[in-house]
Amino acid sequence: LAKTTQPISMDSYEGQEVNITCSHNNIATNDYITWYQQFPSQGPRFIIQGYKTKVTNEVASLFIPADRKSSTLSLPRVSLSDTAVYYCLVYNNNDMRFGAGTRLTVKP
Amino acid sequence: KAGVTQTPRYLIKTRGQQVTLSCSPISGHRSVSWYQQTPGQGLQFLFEYFSETQRNKGNFPGRFSGRQFSNSRSEMNVSTLELGDSALYLCASSLVPAHEQFFGPGTRLTVL
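Residue numbers (my numbering), protein chains in the order written: chain A, 438 to 545; chain B, 81 to 192.
Since the hints were derived computationally from the structure, they do not count as laboratory data. No residue lacks a Cβ here, since even glycine has one placed at the ideal position from N, Cα and C.
Here are some chain B residues pointing at chain A (derived, C-beta under 10 Å):
1. Q124
2. L168
3. R188
27 Å max Cα-Cα, derived BS3-like pairs, lysine-lysine:
4. K137(B) / K440(A)
5. K440(A) / K491(A)
6. K93(B) / K137(B)
7. K506(A) / K137(B)
8. K506(A) / K491(A)
9. K440(A) / K489(A)
Build the full structure now, drawing on both the sequences and the hints.
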C-alpha cells in the first residue's frame, strides 16, 4: 500500500509560488495522485488529480516525474486565503490513504 | 446541485453507547467514503461504498460499520463507544470510486 510523506508545514508570502512535494515510494501502477485543501472546521476540497507528467487547472499544477515516486503541487501566486492544510492522497483499489498533510501559512 | 449533507452535525454520547451517522451524497454520485479526523491521527479512511457494496475498509475495529442504501445514502455505526472515538467524521461522495471526492461538513462526535 502506498504511504505518503509530506512536509509538516510551510510558510510563504503573498504573491509567491508555493511547491509542496509528496513522496509515495510504493505507488502502484494503477494509483492516481490527488490533492485536497482543507480549511478549519470544513471538509477537504478537491484541488487536482493526476497520473503522470503534468496536469494543470485553474487553481494549481501537479508535476509527477516518470518514476511516479513523488509529486509536487504548485500553487501560483498564493494569497492569504490559501492558508490551509494540503493533503496528498494516493488511491488504489484497496486503500484510500491521506498523508499527514502540509500546513501552509501565507503571510502578508 | 446540493452538496453532501451529513446529519447530525454535532453529537454527544457517553462511553458504551452506540451512534449512527448519516450521509446523503450529491445527486447522481454512487460512491460514498467515510473518514475519521482527529488532531493526533489526521484523516483516516474508514470505508468506501459503491452501489451498496463495501469496496474498501480501513484499519478500524469491528465496532465501526457502515452500509449504503439503494438511493446511495449511507450510514455508519459505531458501537460500544470509547473516549478515543471522539472525532470529526467526514463523508465524501464521488461519481465513481477514485474520482474527485466532494466532502460534507462532517459530524462532530464527542464521547464523554
